[in-house]
Amino acid sequence: MDYTGEHLLPGQLGHFFITLSLVASAIATFAYFKSTKSFSKADATQWKKLGRYAFITEVVSVFAIFATLFYIIHSHYFEYKYAWQHTSLSLEVKYMLASFWEGQEGSFLLWTFWHCILGLILMKGSKEWEAPVMTIMSFVQFCLATMIAGIYIFGWKMGSNPFILLRDSGVLDNAPALHMNFDISQPLKPDYLASITDGNDLNPLLQNYWMVIHPPVLFLGFASTIVPFAFVIAGLWKKKFAEWTKPALPWALFSAAALGTGIMMGAAWAYESLTFGGYWAWDPVENASLVPWMVMIAGIHCLLIFKHSGHSLRITHLFFILAFSLVLYSTFLTRSGVLGDTSVHAFTDLGMNWQLIGLMIAFIIPSMFLYINRYKQIPAIQKEENATSREFWMFIGSLVFFLSALLIIGKTSVPAFVKMAPPEDPEFAYNRIQVFVAVIIALVTAIAQYLKYKETPGNFFRKKIWLPTVLSVIVSALILAFGNIDYNKYGYGFLGSIWLAVACSVYAIIANGAYIWLGLKGSLKLSGGSIAHLGFGMVLLSILISSSKKEILSFNTSGIAINFGEGSKEKSGENLTLVKDVRTDMGKYWVTYEGSQKHPKKPLWIYDVHFESKDGKEKFDLHPNAFINYKGNEGLMANPSSKHYWDHDVFTYITSLPDPTKNTDTSQFKNKQLQVGDTTYYSKGYFILEKVVSRDSIPTSQGIDPTGNASLAVIKVHSMNNSSYTAQPLLVNQRGRQYSIPDTVVSQNLIFAINSIQGDKVNMGIKEPNTILQYLTLKAYKFPYINLLWLGVIITVTGIIISMVRRIHLNRISASES
Amino acid sequence: MKKVHIILLVLIAGAIAVLISFLKASTTYDTIDSAKAKPGKFVHVIAKLDRTQPIVYDAIKNPNYLSFTAIDSLGKTVKVVYHNAKPDNLEGSERLVLKGDYQNDHFECKEIMMKCPSKYKDDMKAAEKNIQETTETTPAEIQTAEKKY
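Chains A and B, in that order, are what the protein sequence lines are.
Residue numbers for the first sequence follow this note's numbering, beginning at 87 and rising by one.
Residue numbers for the second sequence follow this note's numbering, beginning at 388 and rising by one.
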């Protein structure tokens with residue numbers, strides 16, 4: 087049957103290129119494999135040539151798939167499920183890339199895309215390593231191509247295809263209006279597409295610029311972990327156990343830089359636009375990307391040990407194999423849905439679990455088998471490292487880092503295998519251990535560079551280290567004495583470990599900074615390592631300070647002497663309600679909710695909250711926003727807003743708003759017998775019935791017939807923020823009919839109505855309706871030294887890149903010499 | 388024995404100790420009855436929102452007080468008090484994981500996790516519902532359509 091309005095060509099192209107990519111990567115794998123295995127040089131060259139053509143075909147196909155899918159998204163072809171599911175007509179063009187990788191298929195594509203780029207560079211530059219390394223690269227491309235293939239093999243679905251049509255996806259099956267005769271058992275109407283006027287849109291929480299730039303970098307990091315892995319396998323395979331380390335080192339450094347940047351961009355995203363109240367929550371998705379990075383760092387350090395002392399080659403192999411294996415394992419953990427219950431933002435089950443497990447097995451089992459098989463042949467020095475040598479302490483540091491990574495991934499995996507509830511405070515369960523890892527790592531990074539490889543004379547070491555040590559003791563003493571680091575929520579034991587860790591990170595910063603001059607004579611080209619360590623010290627320090635000195639500003643400070651009603655004896659909490667235009671006390675600030683604007687196209691409201699410090703020195707506006715009842719997602723999705731200072735951020739987000747759908751006034755008048763002079767409490771203060779006056783005429787201001795008489799009650803309202811108001815409800819007696827004219831105190835959300843009057847006793851109806859009031863509830867935090875964290879990350883990455891450039895340079899020199 | 392081996396053993400022993408302490412710190416999933424049976428003990432209770440009972444939350448009165456009734460799969464109910472803002476999708480939630488302990492007459496909740504069997508599927512369900520709603524026709528239209536055939 088033909089359906090009107092569909093654009094089928096892009097989809098057909100997409101399917102074609104997916105198939106081509108599968109075939110081309112399979113051929114490339116086979117050709118490069120044969121080239122590696124052939125004994126005659128001519129054969130090897132022939133196969134290599136075929137491998138290259140096949141891999142280039144693969145690259146072209148992947149680019150074509152990428153372009154086609156983007157074209158479909160960009161053109162809003164809602165006949166394709168991917169476009170319908172992840173975009174809408176109102177989506178800004180700048181977020182279209184974000185919708186590209188919102189889905190699993192798109193993020194697999196992104197991963198493959200980076201493999202293509204890396205593969206091309208390796209093909210061009212790795213000479214005798216090309217054949218074995220590209221065998222691995224082509225094979226991983228083949229495996230990833232199966233993930234988006236969407237082919238049925240004996241009824242088993244392999245992969246999830248991004249080019250599937252909406253009408254084939256099952257989404258429309260239960261919409262009678264789209265089917266012939268309004269019967270869902272009948273086929274779709276030929277013009278069904280005319281009814282699909284808009285897409286489902288990108289998840290509003292992802293409509294953020296971080297979502298555009300953070301996944302590409304993170305996936306570049308993930309993708310690059312395969313290169314050191316491929317070199318390890320190539321080395322084991324060709325039995326060139328040491329030679330592979332030379333070309334692999336710059337790649338490993340590149341991978342560490344890219345992955346590290348990607349992870350911290352994710353942290354920045356979480357901080358800037360999600361409402362965890364922080365940049366790190368030990369969430370499975372975060373852990374899953376952190377752990378391969380830690381193992382990669384351990385591998386780099388062991389590789390350096392090998393280069394300078396000949397030790398640790400065997401474990402270097404293992405670390406690089408594991409770094410990539412952990413990327414695969416993390417892919418499984420986060421995409422299979424096994425952790426769905428414990429993560430806020432784990433990917434979801436696409437029914438590909440077995441395929442993901444297959445991906446792991448395809449790489450981990452053969453590589454571990456090869457490693458164990460060749461283990462004895464890998465050269466190793468039997469004599470053990472001297473305890474005064476640099477390599478000894480580097481090795482200890484790597485080992486601690488590696489074990490800490492194993493602990494993190496172990497804890498993360500527990501819920502996938504054991505039906506056990508997480509601890510009461512999951513973040514603390516990580517922090518109380520990792521704080522000691524921070525202590526050890528910071529100490530080792532501070533000291534190790536002052537040691538020489540092989541052996542260090544005591545005098546040499548003491549002469550160089552005393553100055554940075556003394557400086558660090560002074561600086562950390564000052565920080566601890568005047569920094570008010572008094573986070574004792576978990577007792578003094580934990581506070582003590584934080585102090586120790588602060589002192590050690592200061593040591594790491596100062597010692598590594600000083601080493602650039604003391605050890606390297608200020609040569610920045612050589613100081614990549616020191617710079618990276620210095621930055622890492624700053625990261626540790628800022629993590630410790632920013633999380634232990636995080637302050638909640640919005641502690642409900644309205645602790646005035648009024649009855650809260652049901653929650654009266656309750657402790658104050660982290661949320662504060664602001665009534666529109668009422669200046670409210672919040673710690674050292676006065677805050678006012680001044681108004682809101684709606685986004686022109688989306689159900690997104692942006693709120694203006696004015697902050698003013700009580701000493702009047704600081705004044706600023708924050709604009710937190712929230713999506714309300716967006717596309718069938720009930721409730722609000724809030725984005726925070728923050729004011730940046732050099733040493734701290736003020737950070738706020740909305741936690742609750744009046745429910746617009748329930749915004750009908752359900753409250754009732756409460757009747758109360760009052761006598762003149764009586765004081766009565768309401769939710770935001772109290773009021774006094776001052777007097778009751780009878781009049782012979784009705785005040786004309788009411789705009790009604792002035793004949794008749796009226797009684798008037800004068801009520802003085804005192805609110806908790808020291809404002810007072812007067813309300814004058816009337817009871818009118820007109821031509822024998824009695825009725826009440828209520829009076830409203832708008833800013834206090836209070837309505838008075840007189841039911842009856844007897845002398846100075848009034849039966850008064852009092853109501854606090856929920857409709858007339860505009861308010862919002864928010865949380866506000868102060869994050870100190872968050873900028874130190876971002877700066878530390880930038881310095882670390884810069885240091886790693888300096889080392890990488892130097893290693894590439896050294897490799898070039900040694901290549902031209904030989 | 389080499390120094391490295393000794394350090395390795397110490398580190399591994401440390402790691403094992405940490406894992407054991409982690410397992411010990413792990414809490415349990417409980418039913419409402421078993422949570423009631425151990426007041427003051429931190430537990431995870433998997434339950435649902437009892438929609439027959441009111442949800443008490445008034446941000447004006449106290450933005451840090453939420454109370455509702457939870458019902459578990461055995462049909463037992465308990466009053467839940469949560470000293471925080473009302474999670475915005477509470478009413479729409481399918482399943483709740485309540486973290487906290489039972490005190491006197493209510494379950495004092497420290498954290499609520501709203502659960503959907505799968506976020507993705509849920510989004511898709513909402514989307515499907517949207518499609519069905521936006522394409523829904525009035526009964527009159529359907530009748531005329533039926534008459535034609």
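Since the hints were made in silico from the structure, they are not lab data.
Glycine residues also receive a C-beta, built at the ideal position from the N, C-alpha and C atoms.
Each hint should be verified, as a subset may be incorrect.
[Said to hold, decoys possible] With a straight-line cut-off of 16 angstroms between C-alpha atoms, the simulated EDC-like cross-links for lysine to aspartate or glutamate are:
(1) A:K666 <-> A:D694
(2) A:K326 <-> A:E358
(3) B:K497 <-> A:D511
(4) B:K463 <-> B:D492
(5) A:K777 <-> A:D733
(6) A:K275 <-> A:D88
(7) B:K411 <-> A:E510
(8) A:K549 <-> A:D572
(9) A:K575 <-> A:D511
(10) A:K729 <-> A:D764
(11) A:K635 <-> A:D735
(12) B:K428 <-> B:E478
(13) A:K213 <-> A:D88
(14) B:K497 <-> A:E470
(15) B:K390 <-> A:D764
(16) B:K428 <-> A:E510
(17) B:K389 <-> A:D254
(18) B:K497 <-> A:E660
(19) B:K411 <-> A:D511
(20) B:K448 <-> A:E660
(21) A:K853 <-> B:D445
(22) B:K428 <-> A:D764
(23) B:K448 <-> A:E704
(24) B:K390 <-> B:D437
(25) A:K540 <-> A:E637
(26) B:K497 <-> A:E510
(27) A:K802 <-> A:D764
(28) A:K636 <-> A:D735
(29) A:K847 <-> A:E903
(30) A:K332 <-> A:E903
(31) A:K729 <-> A:E854
[To be verified] One side of the interface only, derived from the structure: several residues of chain A facing chain B at Cβ under 8 angstroms:
(32) N439
(33) L442
(34) F481
(35) A502
(36) A515
(37) E660
(38) S769
(39) T863
Verification of the hints:
1. A:K666 <-> A:D694: Holds, at about 10 angstroms.
2. A:K326 <-> A:E358: 47 angstroms, violated
3. B:K497 <-> A:D511: At roughly 10 angstroms apart (the allowed maximum being 16 angstroms), D511 of chain A and K497 of chain B satisfy the hint.
4. B:K463 <-> B:D492: 14 angstroms, holds
5. A:K777 <-> A:D733: Violated: K777 of chain A and D733 of chain A sit about 55 angstroms apart, past 16 angstroms.
6. A:K275 <-> A:D88: Distance of about 10 angstroms is within 16 angstroms: holds.
7. B:K411 <-> A:E510: Judged against 16 angstroms, a Cα distance of about 11 angstroms means the pair holds.
8. A:K549 <-> A:D572: 35 angstroms, violated
9. A:K575 <-> A:D511: 12 angstroms, holds
10. A:K729 <-> A:D764: 46 angstroms, violated
11. A:K635 <-> A:D735: Holds, because 12 angstroms separates the two Cα atoms, which is no more than 16 angstroms.
12. B:K428 <-> B:E478: Answer violated: K428 of chain B to E478 of chain B is near 27 angstroms, above 16 angstroms.
13. A:K213 <-> A:D88: 53 angstroms, violated
14. B:K497 <-> A:E470: 52 angstroms, violated
15. B:K390 <-> A:D764: Violated - the C-alpha atoms of D764 of chain A and K390 of chain B are around 83 angstroms apart, more than 16 angstroms.
16. B:K428 <-> A:E510: 10 angstroms, holds
17. B:K389 <-> A:D254: 64 angstroms, violated
18. B:K497 <-> A:E660: Within the cut-off at roughly 12 angstroms; holds.
19. B:K411 <-> A:D511: 13 angstroms, holds
20. B:K448 <-> A:E660: 14 angstroms, holds
21. A:K853 <-> B:D445: Status holds; Cα separation ~15 angstroms.
22. B:K428 <-> A:D764: Violated, at roughly 46 angstroms.
23. B:K448 <-> A:E704: Distance ~29 angstroms between K448 of chain B and E704 of chain A Cα, so the pair is violated.
24. B:K390 <-> B:D437: With Cα atoms ~61 angstroms apart, K390 of chain B and D437 of chain B exceed 16 angstroms; violated.
25. A:K540 <-> A:E637: With a Cα-Cα distance of about 48 angstroms, the restraint between K540 of chain A and E637 of chain A is violated, given a limit of 16 angstroms.
26. B:K497 <-> A:E510: 9 angstroms, holds
27. A:K802 <-> A:D764: 11 angstroms, holds
28. A:K636 <-> A:D735: 10 angstroms, holds
29. A:K847 <-> A:E903: 107 angstroms, violated
30. A:K332 <-> A:E903: Holds. K332 of chain A to E903 of chain A sits at ~15 angstroms (cutoff 16 angstroms).
31. A:K729 <-> A:E854: Violated: K729 of chain A and E854 of chain A sit about 35 angstroms apart, past 16 angstroms.
32. N439: N439 of chain A check fails; min Cβ-Cβ to chain B is 13 angstroms, beyond 8 angstroms.
33. L442: With Cβ-Cβ at 15 angstroms, over 8 angstroms, it is violated.
34. F481: Given a least distance of 7 angstroms, the restraint on F481 of chain A holds.
35. A502: 14 angstroms, violated
36. A515: 6 angstroms, holds
37. E660: 7 angstroms, holds
38. S769: Status holds, d = 5 angstroms.
39. T863: The hint holds - T863 of chain A has a Cβ within 8 angstroms of chain B, the shortest such distance being about 4 angstroms.
In summary, the numbered hints that this structure violates are 2, 5, 8, 10, 12, 13, 14, 15, 17, 22, 23, 24, 25, 29, 31, 32, 33 and 35.
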